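Spelled out from the first residue to the last, the chains are:
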Amino acid sequence: MAVRAEAGQKAVTARYGMWFFLYTEFILFGMLFLLYSVFRYRFPADFHAGAMEENILTGSVNTAVLLTSSLTMALAISAVKKGNNRLSAGLQLLTMALGIGFLCIKAYEWYVKIVKGLYPGSPVLLKMHPGEIIYFGLYYTMTGLHGLHLFAGVAVTAYMFYFTIKGRISADNCARLENTGLYWHFVDMVWMFLFPLFYLIT
Amino acid sequence: MSERKENEIPIVSYRTFFYIWIALLVLLAITVAVAVMNAAHALGLNLLIAFLMAWLDLFFFMNLRHERLFLKIIILLPIFAYISIIVLTYSDAFYRMAG
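Chains as they are written, first to last, in my numbering: chain A, 1 to 202; chain B, 1 to 99.
Honestly, the hints are just simulated from the structure, not real lab data. A quick note: this is a predicted structure, and the numbers were derived from the prediction, not measured. Among these hints, one or two may not hold up.
What the hints assert, rightly or not - With a Cα cut of at most 27 Å, we get these calculated DSS-like pairs of lysine-lysine:
1) 81(A) - 10(A)
2) 82(A) - 72(B)
3) 116(A) - 106(A)
4) 10(A) - 106(A)
5) 166(A) - 82(A)
6) 106(A) - 82(A)
7) 10(A) - 72(B)
8) 81(A) - 72(B)
9) 113(A) - 127(A)
Based on the provided sequences and hints, a complete structural model is requested.
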């Protein structure tokens with residue numbers, strides 16, 4: 001019983017540690033959002049012109065893909081807690097597939113912009129107004145940083161998938177998967193704000 | 001044992017997560033519709049919906065509702081401080097413009 005209590009305490013400590021790590025991530029993205037709002041306030045017309053380049057349809061589909069990946073991750077954690085490792089592994093695989101799908105759609109969006117010459121330092125962009133240059137700079141920085149975080153999430157989930165099929169994650173020992181879930185949902189939450197700011201609020 | 005139970009995140013049913021997912025998709029549809037229709041106060045509405053979606057994500061998918069009050073305060077306090085800083089920044093800017 002003492003061993004179980006100790007294991008439980010370790011899981012709680014690990015979870016709290018993960019929350020504090022997410023804290024630092026919140027500060028990182030929070031400062032970028034603050035920067036966005038300051039420049040948007042300074043150059044409203046240029047930000048409007050920049051946002052007109054975004055495709056609401058692909059952005060919406062991508063958001064739905066990410067929301068669904070959050071569902072599959074949450075279900076994967078519940079499944080492992082119910083002792084169904086096979087279902088959990090399948091759901092983790094689906095979560096990774098959805099994460100990669102999101103990155104592919106995002107890469108396509110970047111490709112469309114790059115073909116138009118809308119990338120940092122390009123001759124086309126340098127001829128634009130200062131506000132538009134800042135808009136696209138922020139767009140690539142913020143969506144790129146988010147994409148990197150999602151890629152890291154896919155890599156960590158792949159690791160958890162390996163642990164799950166090897167039986168090293170179980171109903172009594174699933175803190176690592178829970179913490180991976182916390183990270184995944186946080187990255188999803190960041191997108192919930194990036195989507196309206198870059199695609200909708202024109 | 002009782003201490004462990006107190007700190008443990010309970011098993012959340014699949015159905016609850018499905019309901020939250022549907023709610024998130026409905027909110028996504030509403031926020032897109034608000035933007036496409038260029039509704040009045042679209043900016044405020046889009047941000048309000050973003051906060052609602054984040055709240056659902058935080059409290060249900062991230063299970064913050066099952067955490068102890070101490071952790072809830074620790075997590076929510078800086079978010080409140082951050083929003084306050086943004087509101088104060090904009091208030092200051094408006095005040096300077098009016099001046």
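Structure-based check of all given hints:
no., hint, in the structure
1, 81(A) - 10(A), "holds, 17 Å"
2, 82(A) - 72(B), "holds, 26 Å"
3, 116(A) - 106(A), "holds, 16 Å"
4, 10(A) - 106(A), "violated, 38 Å"
5, 166(A) - 82(A), "holds, 17 Å"
6, 106(A) - 82(A), "violated, 35 Å"
7, 10(A) - 72(B), "holds, 19 Å"
8, 81(A) - 72(B), "holds, 23 Å"
9, 113(A) - 127(A), "holds, 16 Å"
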